[in-house]
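Asks: One-letter residues, chain by chain:
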Amino acid sequence: MAVRKEGRSAQDIIVDWVEPGSSVLELGCGSGDLLARLASERGVRAHGIELDDASVFSCIEKGLNVLHEEVDDALRDYGSGAFDYTIFDGSLQRVVRRPHAVLREALRVSEKTIVGFSNFAHYRARAQILLRGRTPVTPSLPYAWHDTPNLHFLSIGDFVDYCESGGITIEKSWFSGAGREVRLRPNLTALSGYFLIADLQDAAARLTGGTPGGNLSS
Amino acid sequence: MEREDTTAVLDGVGLVEPRSVTIAPPPDSFLLDCGESLSPVTVAYETYGRLNADRSNAVLVAHAFSGDAHAAGWHRGDRKPGWWHDMIGPGRAFDTDRFFIVCSNVLGGCRGTTGPSTVDPATGRPFGGSFPPVTIPDMVRVQACLLDHLGIDTLLSVAGGSMGGQQVLEWLVSYSGRTRSAIVCATAAKHSPQQIAFNEVGRQAILSDPNWNHGDYYGGERPAGGLSVARMVGHITYMSDTSMSEKFGRRVCPDGRSHPFGNGFEVEDYLHHKGSSFVERFDANSYLYITRAIDEYDAARGGSLAAAFEGLEARVLVMSFGSDWLYPSYQSQHVVRACKRAGVEVSYCEVPSTYGHDAFLLEVDEQTRLITHFLRTVEEEG
Numbered sequence: 001m002a003v004r005k006e007g008r009s010a011q012d013i014i015v016d017w018v019e020p021g022s023s024v025l026e027l028g029c030g031s032g033d034l035l036a037r038l039a040s041e042r043g044v045r046a047h048g049i050e051l052d053d054a055s056v057f058s059c060i061e062k063g064l065n066v067l068h069e070e071v072d073d074a075l076r077d078y079g080s081g082a083f084d085y086t087i088f089d090g091s092l093q094r095v096v097r098r099p100h101a102v103l104r105e106a107l108r109v110s111e112k113t114i115v116g117f118s119n120f121a122h123y124r125a126r127a128q129i130l131l132r133g134r135t136p137v138t139p140s141l142p143y144a145w146h147d148t149p150n151l152h153f154l155s156i157g158d159f160v161d162y163c164e165s166g167g168i169t170i171e172k173s174w175f176s177g178a179g180r181e182v183r184l185r186p187n188l189t190a191l192s193g194y195f196l197i198a199d200l201q202d203a204a205a206r207l208t209g210g211t212p213g214g215n216l217s218s
Numbered sequence: 219m220e221r222e223d224t225t226a227v228l229d230g231v232g233l234v235e236p237r238s239v240t241i242a243p244p245p246d247s248f249l250l251d252c253g254e255s256l257s258p259v260t261v262a263y264e265t266y267g268r269l270n271a272d273r274s275n276a277v278l279v280a281h282a283f284s285g286d287a288h289a290a291g292w293h294r295g296d297r298k299p300g301w302w303h304d305m306i307g308p309g310r311a312f313d314t315d316r317f318f319i320v321c322s323n324v325l326g327g328c329r330g331t332t333g334p335s336t337v338d339p340a341t342g343r344p345f346g347g348s349f350p351p352v353t354i355p356d357m358v359r360v361q362a363c364l365l366d367h368l369g370i371d372t373l374l375s376v377a378g379g380s381m382g383g384q385q386v387l388e389w390l391v392s393y394s395g396r397t398r399s400a401i402v403c404a405t406a407a408k409h410s411p412q413q414i415a416f417n418e419v420g421r422q423a424i425l426s427d428p429n430w431n432h433g434d435y436y437g438g439e440r441p442a443g444g445l446s447v448a449r450m451v452g453h454i455t456y457m458s459d460t461s462m463s464e465k466f467g468r469r470v471c472p473d474g475r476s477h478p479f480g481n482g483f484e485v486e487d488y489l490h491h492k493g494s495s496f497v498e499r500f501d502a503n504s505y506l507y508i509t510r511a512i513d514e515y516d517a518a519r520g521g522s523l524a525a526a527f528e529g530l531e532a533r534v535l536v537m538s539f540g541s542d543w544l545y546p547s548y549q550s551q552h553v554v555r556a557c558k559r560a561g562v563e564v565s566y567c568e569v570p571s572t573y574g575h576d577a578f579l580l581e582v583d584e585q586t587r588l589i590t591h592f593l594r595t596v597e598e599e600g
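Order-wise, the sequence lines are chains A and B.
When the letters of the first sequence are read in order and numbered with this note's numbering, they come out as residues 1 to 218.
When the letters of the second sequence are read in order and numbered with this note's numbering, they come out as residues 219 to 600.
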């Protein structure tokens, strides 16, 4: 009997997307688990921004460069293209107060940006709003209205629209349902979405073709 | 075994010997930023641990304003260890099983290195007020000469807090190629008006003491009253509202009313004690010369700190402390921003603490965690 291949995690996908030997800045890096993987598996120069002091200590214990500060204020001092990648793994919805301004800054200071977030338009969320009239609670948005750490709620469709209207190219995307990748109608079926994006003007020169297929927005 | 040396347990690096070296002996001389020269310059220093065969494990520790070369261990007969004793020793943040630690008294000081209380060879009397003005860069150049003497070309790291942190920044600006990393605690690239103001009150307390006598007091009464008041002001700025409340409350001590107008509060008694004990170990002229050097210092020389850091390859760790209002976190963040602009590998942590500026001497556990791992990372990078 064939052994069923374990599904890849979102962290595996990010590690996959990052080119070996590149430089990475993760915004809201927590205790540095992703950065430590990127450093050991991809040999990246890893930098993180984190506000929680216990997490900052953990990052330094992992040998990472980390700055104890607000994500919103962290980017302005970096030069344009200072990093190959900036990464928001859940932090855009959770810790950034001004997502638009911060995302623009991230696209400025890095060649490419990886954004991962929980999908507010998952069918279970839609059902809870439409049928029960309740703020949705799903596996990727597991909090009640009164104890959620999330500041912003967005759907995969919202993010795709945002990129299209803002001249941002989506180079890669990946969607997960309950413990596995989903490809069909991700805005309806995915609990979380991950995007590798770049500013269209910068990306035009680099991109040789290939945008993610399928209808992402429905 | 001799046991009569000390009443304390000799943990850490144990008994240590003060050392000194003479640099720039005549006919050579040591040129200062002010244009004047000194010859010779004596440098008091101590070392802990062993320099390895390829001389790559040396860490220079720079002391704060009132510190000295005695950073760790005990001198024979002493009841108190060096000023960063808990941070330096086997298994400690600055692990003497792995690193060779060097600490020297600053130029202009009064703890063994040439300063205003040193005898001027030209006159046979202490320099006093005729000692030339010294700067933080002068102090660092003297440290570089000490490292030359010890045969150390490149440091694994240079570390210090407060004025020691200014010296660390100066190492990064003036000797960027001579250190692989830097640990900058509770400091500022340049003093704010508030910091200058507190130092000026201290200086005026000394200058207004009739015993100061334009710095020429070594044969007679010293300006103990003025120096003591200066130190009292300093100690207020080293603590925080919270740490004072926790340490003293509004408790009264029994003999506290012996001073005129004394309320007898413990905090008053503490300041008096700190003031009078400081007079025993510190020279008023050194207070004047060193505080002037601290106030005058600007790591960026009036320009941008990022430009001063351009091309820096050293890895940098910056630390500030939550309740430190003398060197507030924004000043450390200024250093961090310059590192970002210059593309320097930097980590920054605002360590939670209620101790105020004294935290860099007292928050041992947190600093140990950060420094131990930071130095390990630097070591592993080879």
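FYI, nobody ran anything at the bench for these hints, they're computed from the structure.
Note that the structure is predicted; figures quoted are calculated from it, not measured.
It cannot be assumed that every hint is accurate.
[To be verified] The following label-pair restraints were derived from C-beta to C-beta distances:
id	chain 1	residue 1	chain 2	residue 2	range
1	B	S463	A	G167	26 to 34 Å
2	B	G253	A	P149	33 to 41 Å
3	B	A415	A	E70	25 to 33 Å
4	B	D459	A	N150	48 to 56 Å
5	B	E531	A	Y162	53 to 61 Å
6	A	E70	B	E531	42 to 50 Å
7	B	D459	A	D52	24 to 32 Å
C-beta: ideal position from N, C-alpha, C; glycine also.
Asks: Next step is simple, just say for each hint if it's right about the structure.
Replies: Evaluation of the provided hints:
1. The hinted window of 26 to 34 Å between S463 of chain B and G167 of chain A is violated, with their beta carbons roughly 56 Å apart.
2. The hint said 33 to 41 Å for the Cβ distance between G253 of chain B and P149 of chain A, and at roughly 60 Å that hint is violated.
3. Between A415 of chain B and E70 of chain A, the C-beta spacing of about 30 Å keeps the proposed range 25 to 33 Å intact.
4. For the pair D459 of chain B and N150 of chain A, the beta carbons lie near 36 Å from each other, so the given range of 48 to 56 Å is not met.
5. Against the hinted window of 53 to 61 Å, the Cβ-Cβ separation of E531 of chain B and Y162 of chain A comes to about 39 Å, which falls outside the hint.
6. Between E70 of chain A and E531 of chain B the C-beta distance comes to about 28 Å, which lies outside the given range of 42 to 50 Å.
7. Between D459 of chain B and D52 of chain A the beta carbons are some 25 Å apart, a value that agrees with the proposed interval 24 to 32 Å.
Consistency with the previously given hints fails for numbers 1, 2, 4, 5, 6, ordered from lowest to highest.
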